[in-house]
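Undergrad: Let chain W serve as the given structure and place chain Z on it in line with the hints.
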Amino acid sequence: MNGNNPVFQIFFQCALDTREEAYAFISRLASREERGQKEVNRQLKEREKAGSLFISEHVILPHVESQWIQTSRIIFIRPKRPIVSWNGSNQHVYLLVCVLLKENESVQIKRKIASFIRALADEKLVNRLINVDEKEKFIQKIPKIQEGLE
Amino acid sequence: MKIVCVTACTVGIAHTYIAQEKLENAGKKAGHEIHIETQGTIGIENELTQQQIDEADIVILAADVSVSGRERFNGKTIIQVGTEVAVKSPNKLIKKAEEIVNQKK
Chain W
44 MNGNNPVFQI FFQCALDTRE EAYAFISRLA SREERGQKEV NRQLKEREKA
94 GSLFISEHVI LPHVESQWIQ TSRIIFIRPK RPIVSWNGSN QHVYLLVCVL
144 LKENESVQIK RKIASFIRAL ADEKLVNRLI NVDEKEKFIQ KIPKIQEGLE
Chain Z
342 MKIVCVTACT VGIAHTYIAQ EKLENAGKKA GHEIHIETQG TIGIENELTQ
392 QQIDEADIVI LAADVSVSGR ERFNGKTIIQ VGTEVAVKSP NKLIKKAEEI
442 VNQKK
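As given, the protein sequences belong to chains W and Z, one line each in that order.
Per the numbering used here, the first sequence starts with residue 44, numbered consecutively.
Per the numbering used here, the second sequence starts with residue 342, numbered consecutively.
Same shape as in the complex, but just chain W:
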């Protein structure tokens, strides 16, 4: 890991069929401790109550800042099948881009995460990401991801 960059992780073909399974998976990535996983899971759901996580038609951006997170990271999750009717909506999720932010993270890392998030405002980029079937091709389509890939 490069200490000056957030860590990126990519999970392809994940067997996640529901929101609950997706949040449990993210929580396990966030913390090894059961207490930490429960807290992150709760925080993820709390954030979603404040507003929709969708950033385009089939892409959501769950994110959380927590003392239980050891390393800040951006995680891409491509479920094996779309997660249908996310949170009771009529929208299906093809891609999850998760931001896990550790408490008291450096401004430098936060700026890099923010910069990457801005890139996701590009609908063309997001559409390319949801249409790629291979992990290697996926990586190639994401700007600057290679330098922080774990």
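If you're looking for bench data, these hints aren't it; they were derived computationally from the structure.
Heads up, a few of these hints could be off.
To be verified - Using C-beta positions, here's what the derived DEER-type ranges look like: (1) Arg-85/W - Lys-437/Z: 31 to 39 angstroms; (2) Ala-371/Z - Glu-76/W: 42 to 50 angstroms; (3) Gln-183/W - Ser-407/Z: 36 to 44 angstroms; (4) Gln-52/W - Glu-396/Z: 38 to 46 angstroms.
As the list claims (entries may be wrong) - One side of the interface only, derived from the structure: several residues of chain W facing chain Z at Cβ under 7 angstroms: (5) Leu-104; (6) Val-150; (7) Lys-153.
Unchecked claim - Computed footprint of chain W on chain Z; a stretch qualifies when at least three of its residues, placed anywhere within it, have a C-beta under 8 angstroms from a C-beta of chain W: (8) 354-363; (9) 416-426.
Ideal Cβ positions, reconstructed from N, Cα and C, are used throughout, including at glycine.
TA: The following block gives chain Z in isolation, referenced to the frame of chain W:
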């Protein structure tokens, strides 16, 4: 048209910045001058100047939390929405701003 915006969300690392980018792109695409202040976990960035606020035809506050320094916009025409609206429908939001400004003329 001159637009000033503030974006802010609860965690301040995701929707704050994606809303900023989408609004900026939508505003420029529609041919407007747009300045956007972000109030995120990094703190306040691109802080709006008094001149930018004074000259603005309309203020867009795309925020899920209280906007710091809201009193700066007293007396201005304000559209207040959640970040969700700015992320999902930035072009519609700019269009709405245009309509409101045009109605006032």
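Undergrad: Take the hints in turn and mark each one as holding or not.
TA: Checked hints:
no.	hint	verdict
1	Arg-85/W - Lys-437/Z: 31 to 39 angstroms	35 angstroms, holds
2	Ala-371/Z - Glu-76/W: 42 to 50 angstroms	49 angstroms, holds
3	Gln-183/W - Ser-407/Z: 36 to 44 angstroms	41 angstroms, holds
4	Gln-52/W - Glu-396/Z: 38 to 46 angstroms	45 angstroms, holds
5	Leu-104	5 angstroms, holds
6	Val-150	6 angstroms, holds
7	Lys-153	5 angstroms, holds
8	354-363	holds (count 9)
9	416-426	holds (count 3)
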